[in-house]
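Asks: For reference, the chains in residue letters:
2 protein chains.
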Amino acid sequence: MTPVNAQPSPEHSARIERQPLHDAIVSRLRDMIIEGHLAPGTRINEGQIGAALGVSRTPLREAIKYLASEGLVDLVPSRGAVVKTFGAKEVRDMIDLIRSLEQFAATRACELATNNDIGGIRELHDRMIACYHSGDRMQYYKLNQAIHSGIVALADNAALSDMHGVLQTRLKRIRFIGHEGPEKWASAVAEHEEMIAALEARDAPRLSAILGHHLTLAWERVKDGLPA
Amino acid sequence: MTPVNAQPSPEHSARIERQPLHDAIVSRLRDMIIEGHLAPGTRINEGQIGAALGVSRTPLREAIKYLASEGLVDLVPSRGAVVKTFGAKEVRDMIDLIRSLEQFAATRACELATNNDIGGIRELHDRMIACYHSGDRMQYYKLNQAIHSGIVALADNAALSDMHGVLQTRLKRIRFIGHEGPEKWASAVAEHEEMIAALEARDAPRLSAILGHHLTLAWERVKDGLPA
DNA sequence: TTCAATAATACTGTATGCAGCATTTAGCGC
DNA sequence: GCGCTAAATGCTGCATACAGTATTATTGAA
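Line by line, the protein sequences are chains A and B. Here this note's numbering is used: the first residue of the first sequence is 1, the next is one more, and so on. Here this note's numbering is used: the first residue of the second sequence is 1, the next is one more, and so on.
Be aware that a few hints might be false.
Identical copies look the same in the list; a pair holds intra-copy or inter-copy alike.
Pairs of lysine to any residue residues, derived as SDA-like cross-links and limited to a Cα-Cα distance of at most 25 Å, are as follows [said to hold, decoys possible]:
1. K184 - Q48
2. K184 - G50
3. K172 - D203
4. K89 - R127
5. K223 - A51
6. K223 - Q48
7. K84 - D156
8. K84 - R18
9. K142 - L75
10. K184 - A24
11. K223 - R18
12. K184 - V76
13. K89 - Q103
14. K142 - Q168
15. K84 - L21
16. K172 - D156
17. K89 - R108
18. K84 - S149
19. K184 - Q19
20. K184 - R18
21. K89 - A130
For the record, the hints were derived by calculation from the structure and aren't laboratory data.
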């Protein structure tokens, strides 16, 4: 549930963080699944993966259990773990749920956010726009997600941020597929601009509406590339 | 994330289910935490607990990682796992989130539920009322939760049910504390009656309002017994 | 040639053992 | 008697080894 990425702070002289092996493995496996190196339906062979990562089976198994609880893999008795396959309905359900969460967050954020907080989001937005113009798609995606997570964080509700994070992670792999055309991309960017404006105006209903529409677009983008 | 309780079906001649050991341990530990046999802040000693449950450390460790992802325990590097302590704000956040989830579910449920579905909920409700009159508090609680889970299930969104289930589990321990007086209990029962009526009338806004108020009451009940 | 039954293989599930870190306690100096 | 240092203990983190189960291959007969 709680994200594991305990990235060491960028400062020098910061305390040396000794990340437990199973944590590191969780991160690696997550990335491998998200980036498609472990395709959906793939059975995870403990010996193989363990050898590839240079770790023993015990911490690897612990990591797998963690990911199972996160919903990225399924545990089949006596047959190990398989990378979860998401059908169209499941993805749609998750997007519906994310919408609900973000809209809840929007209301709270408009009540709670300081100008400073919103400035932080605005800054992410500006950097994202820069990536849009320079065509840096990867970085664009990352900032995009950071903005959404940021808005959720403004609601100041740890449980909410947790859940949202898990869902985002599950969908990351899917979003990799959704390569939108330039015109849709442009409209998405425009929507983001509106989002920030609504947030700065503390206009919760408007922000809510935009977020909702934004996610509907996301669904439109990915729905045709899905199985079942 | 996904509940592990793979209870064997009550039929005879049903396939014999061999539950993996780590699954069984997850359930046991969850119960121990919920029922307070493992108090918040307690460090989980692998050797000790393993001996007590009669299992070896490996599956136990796997179970702990699973519960960590569920948010019931914290993993402290080189110091093992400690049972998570929830402060007042965290509990309030979780209840706010549950409210948001249930209200989202309510809207969907009113759109989707068949008469048959609603009949199922009504039946649970009637059994709960029976427990209320007979004073069987434990069974009352269980049916109460089953009803809420049931309404969420009517929204036909697996991800939603998952999240709701996890939050319910986290709060179970807290709810154990909230021993309401008879008059509050009576009003809670009355609200439940209204809930079912609203559901049968497919009156989503009303159902939503009742659920919201219901959870506010729940918060009122528990908030004074919390640390921090 | 095809299907079935049996044996072999490979992988998961569980237990045990060892090394390193944290904490506590005992000993020593002041 | 009090504080500091150091050894000792206990626990976690990781690896390895063994047992049981599912799957595949092989051999036999129809």
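Asks: Evaluate each hint against the coordinates.
Replies: Results of checking the hints against the structure:
no. : hint        : in the structure
1   : K184 - Q48  : neither (41 Å within a copy, 58 Å between copies)
2   : K184 - G50  : neither (41 Å within a copy, 56 Å between copies)
3   : K172 - D203 : neither (29 Å within a copy, 36 Å between copies)
4   : K89 - R127  : neither (34 Å within a copy, 33 Å between copies)
5   : K223 - A51  : neither (36 Å within a copy, 50 Å between copies)
6   : K223 - Q48  : neither (33 Å within a copy, 50 Å between copies)
7   : K84 - D156  : between (31 Å within a copy, 19 Å between copies)
8   : K84 - R18   : between (30 Å within a copy, 22 Å between copies)
9   : K142 - L75  : neither (30 Å within a copy, 27 Å between copies)
10  : K184 - A24  : neither (36 Å within a copy, 49 Å between copies)
11  : K223 - R18  : neither (41 Å within a copy, 37 Å between copies)
12  : K184 - V76  : neither (40 Å within a copy, 45 Å between copies)
13  : K89 - Q103  : both (21 Å within a copy, 21 Å between copies)
14  : K142 - Q168 : within (11 Å within a copy, 32 Å between copies)
15  : K84 - L21   : both (23 Å within a copy, 22 Å between copies)
16  : K172 - D156 : both (23 Å within a copy, 23 Å between copies)
17  : K89 - R108  : between (29 Å within a copy, 15 Å between copies)
18  : K84 - S149  : both (24 Å within a copy, 24 Å between copies)
19  : K184 - Q19  : neither (41 Å within a copy, 48 Å between copies)
20  : K184 - R18  : neither (43 Å within a copy, 50 Å between copies)
21  : K89 - A130  : neither (35 Å within a copy, 38 Å between copies)
Going through the hint list in order, the structure does not satisfy hints 1, 2, 3, 4, 5, 6, 9, 10, 11, 12, 19, 20, 21.
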